[in-house]
Structures are given as structure tokens and as C-alpha cells.
Amino acid sequence: MELTVLGAGPAYTDRPGAIGSAYLLRESGSAIVLDLGQGSFPALAAQLEPSRLDAVIVSHLHPDHFIDLVPLRHYLRYEFEPPRRVTVHGPDGLGDRLDALHAEPGFAGEVLDVLPLAPGSIDVGPFRVEARRVAHTDDSFGFRCAAGDGPGLVYSGDCGRWEDLVPLVRPGDTLLAEVSFGPGPVPRGAMHLDAPGIVRLAAATRPARVLLTHLQMGFSREDTVAMVRAGFTGPVELVEPGFEAHILA
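Number 205 in our numbering belongs to position 194 of the sequence shown; there are no gaps in the numbering.
No lab work stands behind these hints: they were computed from the structure.
Errors might be hidden in some of the hints.
Stated by the list, open to error - Ranges between beta-carbon positions, derived for each pair: (1) PRO182 with THR98: 23 to 33 Å; (2) GLU60 with GLY253: 10 to 20 Å; (3) GLY242 with PHE91: 47 to 57 Å; (4) ASP149 with TYR23: 37 to 47 Å; (5) GLY28 with GLY245: 35 to 45 Å.
Every residue, glycine too, gets a C-beta built ideally from N, C-alpha and C.
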């Protein structure tokens, strides 16, 4: 299973070229995307023809994690005759959010098959995606994605309690975790993770490596990585658009 980071940015940033959360997974000719945040559609199109996606899976209903479903919708609707379709798994109400952006009932449903997420597992091509609710919005999910019985990729989405991710992570997995507030602390009520939380999560679950993402502006990249490395003996990287990794099956 191959991971390509399309975007790793937070909701706002002053970093030129930053792209919202979007993570492409490929295996045996199939492809899924975890989240599709701001600016990620061109990065997706640079990797594969977007109508070939088996599914888009959205972690929660904050725009920096789903807003580029709009350009995906337009692409599917207007670049093909007849229009092509892509399945989208997301929290309940995602289709209504997309329709409301254009004040057009049925806007999303013309080409997107929007299916509600629930805790449990879904099979998409060769991928088994396990979804578990995490503390962030009222309906937010973290995911474990695997293609076979071996190690998988665990994606935190946005998560306010590291403990919520423990049931998803198996020893040897790759942990792709948001670290919005860098070295910390997380402001009261912000419902995000910081480096100390990631260290505690890694100690409790023993992943093979930790990939950090979604760092907010104003926090030191170097200090964030150094703090996680000080508490975790495996590889630690802060990912950027274009980062690639092989997840062993």
C-alpha cells in the first residue's frame, strides 16, 4: 500500500503552497483519498485521473477536510459525457453541506454517491477501512486502513483525545497524526493534539513510525519533531505535500 501526501496543512496558514489535509492511498490499481481539503484537487489530479478513485473518505465536517469535493464534483460533472461518479463516505450531513454551498438541492448527488459513515469497517476494493469516532466535532472519525493482514496506516483526522485512537493502532502500523499545536499545550477546548499527546499515544500502541501533519502556523516545526523523537524511538517525520511512503502489507 502506497501513501502519497497531497496536502498536510491546517485550516489557515501563511506558508506559500500549503494544501489542506488530503492523503492518497493506492494498492493493486485501486485508490482512495482520506480527506480532500483546500487546494488538494489539483494535487490529486497530478497523481491520477480523479474519476478513477474508488472512494473519498472524509473524517469530519470542517471545510479544511472536505471543501475540494466541490472541484471534484465539477470535474466529474463537466469533463465527461455522461458524467462520471465517485463514492464519498463521510459524516452524516455531508451531502447537505455541499448542496448548501451552492444553495442547490441535489448539487452533490449529481455525481457524488455520498454515504454516511458509522463506527465499524468498510471494504473499498483491496482496502479495509476501520472507522472510529474521536473527540473533535460531534461526528468525527479516525481511520485505520489496511490492504491485507499486515501493518496498516492509522490516520487521526482531527482529534482532541489521543486515547480515542488507541483502539485503532496495532503494533507495526504507520501512525499519521495531526499535531496542530506543536510542542503544546493545546488551548482549553481546542480539541486537537500536540507533541506530548502523540508521544503518549505512541508509547501506548507501539507503531513502527510516526508521521506528523496539520501543524498550525506559529509553532516550530523543528521543536515539534524533536519533542516526538525524544519520546519515541522509531522514525518521526513532519510530512509535506509530495511525501510518499510504502506501508508494508
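Here is how each hint holds up against the structure:
PRO182 and THR98 have their C-beta atoms about 31 Å apart, which keeps the hinted 23 to 33 Å range intact. At roughly 19 Å, the beta carbons of GLU60 and GLY253 sit within the given window of 10 to 20 Å. Look at GLY242 against PHE91: about 49 Å separates their beta carbons, and that is inside 47 to 57 Å. Between ASP149 and TYR23 the beta carbon distance is about 22 Å. The supplied range of 37 to 47 Å is therefore violated.
For GLY28 and GLY245, the Cβ-Cβ distance of about 29 Å falls outside the hinted range of 35 to 45 Å, so the restraint is violated.
In the structure shown, a violation is registered for the earlier hints numbered 4 and 5, in ascending order.
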